[in-house]
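Sequence lines, in order, name chains A and B. Position one of the first sequence corresponds to residue 23 (the working numbering), numbered consecutively onward. Position one of the second sequence corresponds to residue 9 (the working numbering), numbered consecutively onward.
If you're looking for bench data, these hints aren't it; they were derived computationally from the structure. There may be inaccurate statements among the hints.
Claimed, not checked - Cut-off 35 Å, straight-line C-alpha distance, at most; resulting in silico cross-link-like pairs (DSBU-like, lysine-lysine):
1. B:Lys57 <-> A:Lys170
2. A:Lys170 <-> A:Lys134
3. A:Lys213 <-> A:Lys134
4. B:Lys51 <-> A:Lys170
5. A:Lys170 <-> B:Lys52
6. B:Lys51 <-> A:Lys34
7. B:Lys52 <-> A:Lys34
8. A:Lys34 <-> A:Lys134
9. B:Lys57 <-> A:Lys192
10. A:Lys213 <-> A:Lys192
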Amino acid sequence: MHRFANPARFLKIARVATPIVALLGLALTAAGLWIGLFASPPDYQQGESVRIMYVHVPAAWLGAGGYLGLAIASATALIWRHPLATIAARAIAPAGAAFTAICLVSGALWGKPTWGTYWVWDARLTSMLVLLFLYLGYLALSASEAEKGGESRAAAILALVGVINLPIIKYSVEWWNTLHQGSSISVVNAKSSIAPELLTPLLLSVAGFSFLFGAIVLMRMRAMLAQQRIDARSRRLAEAVA
Amino acid sequence: MTEGVVARPDLWANFIWPAYGLTLVGLIGLLVWAFVSMRSAEKKAEESKRR
Numbered sequence: 023m024h025r026f027a028n029p030a031r032f033l034k035i036a037r038v039a040t041p042i043v044a045l046l047g048l049a050l051t052a053a054g055l056w057i058g059l060f061a062s063p064p065d066y067q068q069g070e071s072v073r074i075m076y077v078h079v080p081a082a083w084l085g086a087g088g089y090l091g092l093a094i095a096s097a098t099a100l101i102w103r104h105p106l107a108t109i110a111a112r113a114i115a116p117a118g119a120a121f122t123a124i125c126l127v128s129g130a131l132w133g134k135p136t137w138g139t140y141w142v143w144d145a146r147l148t149s150m151l152v153l154l155f156l157y158l159g160y161l162a163l164s165a166s167e168a169e170k171g172g173e174s175r176a177a178a179i180l181a182l183v184g185v186i187n188l189p190i191i192k193y194s195v196e197w198w199n200t201l202h203q204g205s206s207i208s209v210v211n212a213k214s215s216i217a218p219e220l221l222t223p224l225l226l227s228v229a230g231f232s233f234l235f236g237a238i239v240l241m242r243m244r245a246m247l248a249q250q251r252i253d254a255r256s257r258r259l260a261e262a263v264a
Numbered sequence: 009m010t011e012g013v014v015a016r017p018d019l020w021a022n023f024i025w026p027a028y029g030l031t032l033v034g035l036i037g038l039l040v041w042a043f044v045s046m047r048s049a050e051k052k053a054e055e056s057k058r059r
């Protein structure tokens, strides 16, 4: 990992990887959503509303997974002060917040025909809403620290404290009697109770959304590194003039 | 095949189209924002290097 913490080396790799990752993301997402909408059958219980799963589940996984990435990058920035760690954390946060918002909105739209309501204060829904607030808190704090020229240390600490919410999200459907259904896929045991006709578009969407998430993070990191170069040159110029 | 599906009232009644529409607007909007901000910052960095 240390090898890639060098911004120049990272940029060299990112310039090649960004278009590949973005195109893979677009192609896999288009395939997943197309099959999910037009080629997969309705669910025997949920009917047509199951098709919302193909956008809701990948968004939920990336919202939570993105937060884990944000916390790891923040811990790396706090402990080892890697030059790229803070930038990675700042790049992950808006993408993670957007995916969490997509998860909440699509979940609400699934809830209305299925449960008869857009929202209930269920443990899974509430913990996902808390996740969105954690992302927004991180974004506000890191933007304010960046404005003052700081290293986002308070924002990094907030990101680490917020990790406690991840097991709450994961196990909320087991610890409490929730309206939200339990897990249908076990990544650890590589098992699923979903029929293959429905699982294929879901996995394609998960892969597509993941690549899109990666592409957004890479582009944001490149933008922030370019901004750092501009700021550094402006500072050197100002010093030379003075 | 797709025309029939798009017009199907059960897909509207089950909020499939609003869910997909909002998701795609969000994803594409995020991608475009990330791309434009990257291109603009890299262009400015290149210009400041030349100066």
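Practice item. Could you tell me which of the numbered hints above are not met by this structure, giving the numbers in increasing order? Key: 2, 8, 9
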